[in-house]
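Undergrad: So you can see what is in the structure, the chains are spelled out below.
Protein chains: 2
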Amino acid sequence: MKDKMVAMVKRIQDEICEAIEARERVPFHEDKWKREGGGGGRTRVIQGGSIFEKAGVNVSQVYGTLSPEAASEMGGGHDSSDLSFFATGVSLVMHPNNPFVPTVHANFRYFERGDGSSWWFGGGADLTPSYLFEEDATHFHQTFKNACDLHDAAYYPKFKKWCDEYFYIKHRGESRGVGGIFFDNHKAPDAERAFSFTKDCADAFLPSYLPILDRRLGSEFTSAQKDWQQIRRGRYVEFNLVYDRGTKFGLNTQGRIESILMSLPLTSRWEYCHETEKGSAEEALVDVLKNPREWAP
Amino acid sequence: MKDKMVAMVKRIQDEICEAIEARERVPFHEDKWKREGGGGGRTRVIQGGSIFEKAGVNVSQVYGTLSPEAASEMGGGHDSSDLSFFATGVSLVMHPNNPFVPTVHANFRYFERGDGSSWWFGGGADLTPSYLFEEDATHFHQTFKNACDLHDAAYYPKFKKWCDEYFYIKHRGESRGVGGIFFDNHKAPDAERAFSFTKDCADAFLPSYLPILDRRLGSEFTSAQKDWQQIRRGRYVEFNLVYDRGTKFGLNTQGRIESILMSLPLTSRWEYCHETEKGSAEEALVDVLKNPREWAP
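Which chain is which? The protein sequence lines are X and H, in order.
Be aware that the first sequence starts at 1, since it is given in our numbering, and climbs by one per residue.
Be aware that the second sequence starts at 1001, since it is given in our numbering, and climbs by one per residue.
Some hints here could point you the wrong way.
[Claimed, not checked] Straight-line C-alpha distance at most 35 Å; calculated DSBU-like pairs for lysine-lysine:
hint, chain 1, residue 1, chain 2, residue 2
1, X, K290, H, K1032
2, H, K1187, H, K1226
3, X, K34, X, K10
4, X, K170, H, K1010
5, H, K1248, X, K248
6, X, K248, H, K1004
7, X, K290, H, K1034
8, X, K32, X, K199
9, H, K1161, X, K248
10, X, K10, H, K1170
Derived from the structure by calculation, the hints contain no laboratory data.
Pulled out of the complex, with its shape left as it was, chain X reads as follows (with noise of 0.2 Å):
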């Protein structure tokens, strides 16, 4: 399962970067790197390009000995006699320049702990709009929808509702975005099959995107919007710092910085007391991610 699990988000990372170069006047960066306690990763960036204030692709697969504290943190249901451990996975933040284009993250990762006989997936993906399209936000749930259905009617409307609860900014009453789909130490109902239901997830990605991104990416814009992007780049910046267990664990276990925080846009903004105003588009974006709503029902 390692392996194969390997190959697949090696394969994702290539098909994916290869889409965005598709459209792109930028190349991906490639880090190849080595985690010193063991294993390491290839991390992917695009940085100032035609279309990608920021974007980034990383895969790692990585394992060695967990801490104490990072093993009770790292769930899974586990024996915590054993402290060794193998993870890999595949994650991508990508963050547009247009404010009519979404930034998006997704992520479709396995564990295993011990011998091997405490193993999970896990992953998601999730949208962020600075402006809401209903038609973008209904796309893109129902892609993870179907990929989901494939597998089990319930797990749309569970990892929906997952992923609302994960991504909400506690202190500012909303959530980072119109949702997606999240799910952990999920291994039901057998290994195979659990395997089976991620790369459906994954493979789900492109499709869930590139057709918004297409659709939005020749839209004109004012300096008043690409603001207001700023400020909600400001809110994924708190969300992630302040709540992302991914980004706190990294940050705890001393993991490589700036794969950790590739996560994070190129520019945000922070304005004291900002308000949007009655009937605006902004407000109309502030009113969806205080009130989450089914986008596939």
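Since the structure of chain X is already known, use the hints to place chain H on it.
TA: Positioned in the frame of chain X, the structure of chain H alone reads:
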């Protein structure tokens, strides 16, 4: 003591705002606010000023009942059975436009727990330059050392070290800035003299910062130097959201979010794998952040 401290922090807020407004084209915007559980404050902010991208000076006096979690985070060696509290203080953060003018932060505060039998002072001030000018760091530290030395020759070395330890960005292996002083749980040798020490430090703020501001204000800078400042702002955000106890306390206790996050810069930047050039002024700054120096031995 409550009334005396409230009067002192309000006077300090007035004096600082007056000194800044004498230099700024833009006046402070004032918000008076009330806290649901008791008390309130007045927040004064300049945003998009001629000198300051963002500058906030906040006073508050709040009281009520703590949650047991908040009580245990609050410190002070109190009797944990009584959850009533009183807190007042002035806090400020100023982020200038010009990358040669350093960001500055200061905070002076007083707490009581229960019936007032448990009380303590806290405070400090620290300087965060994007470019290192040794004479600025020396002047800033020397000014606070002089205030400390009026009370106890042991204070400055102790509170300088505390400041270096507190404002440390562990995941970057560097300090947020060139430090200053930081003290907490301060009740020695008695309430009157602890107040007097806190007041002298608060009064040292303007003499510590204004000469630096006036000296650097007119410096010309390039867009590359502005970008470097924006990257340093990103580190400021990382510290405040990941480590700062006041920010975490505020977010966890659902405080007034705009006053808590007033400390964040208007704009910031995260470049993937940014590296400073060998022998550059940028490298000189990073070097001092990784190896804190004695500025007022």
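Undergrad: Next pair to validate is K1248(H) with K248(X); report whether the Cα-Cα distance is within 35 Å.
TA: 14 Å, holds
Undergrad: Given the hint that K290(X) pairs with K1034(H), test it: the Cα-Cα distance must not exceed 35 Å.
TA: 24 Å, holds
Undergrad: Quickly compare the C-alpha distance for K32(X) and K199(X) to 35 Å and report which way the hint goes.
TA: Within the cut-off at roughly 24 Å; holds.
Undergrad: Run the distance test for K170(X) versus K1010(H): straight-line Cα separation, threshold 35 Å.
TA: 31 Å, holds
Undergrad: Taking only the CA atoms, is the gap from K290(X) to K1032(H) under or equal to 35 Å?
TA: 26 Å, holds
Undergrad: Just to be careful, I want the Cα atoms of K1187(H) and K1226(H) compared with a cutoff of 35 Å; is the pair within it?
TA: Violated, because 42 Å separates the two Cα atoms, which is more than 35 Å.
Undergrad: Please work out if K34(X) and K10(X) have their alpha carbons no farther apart than 35 Å.
TA: 16 Å, holds
Undergrad: Taking 35 Å as the top limit, are the C-alpha atoms of K10(X) and K1170(H) close enough?
TA: 31 Å, holds
Undergrad: Is it true that the CA of K248(X) sits at most 35 Å from the CA of K1004(H)?
TA: The hint is violated at about 41 Å.
Undergrad: Does the alpha-carbon distance linking K1161(H) and K248(X) stay inside the 35 Å limit?
TA: With Cα atoms ~27 Å apart, K1161(H) and K248(X) stay inside 35 Å; holds.
Comparing the model with each numbered hint stated earlier shows that hints 2, 6 do not hold.
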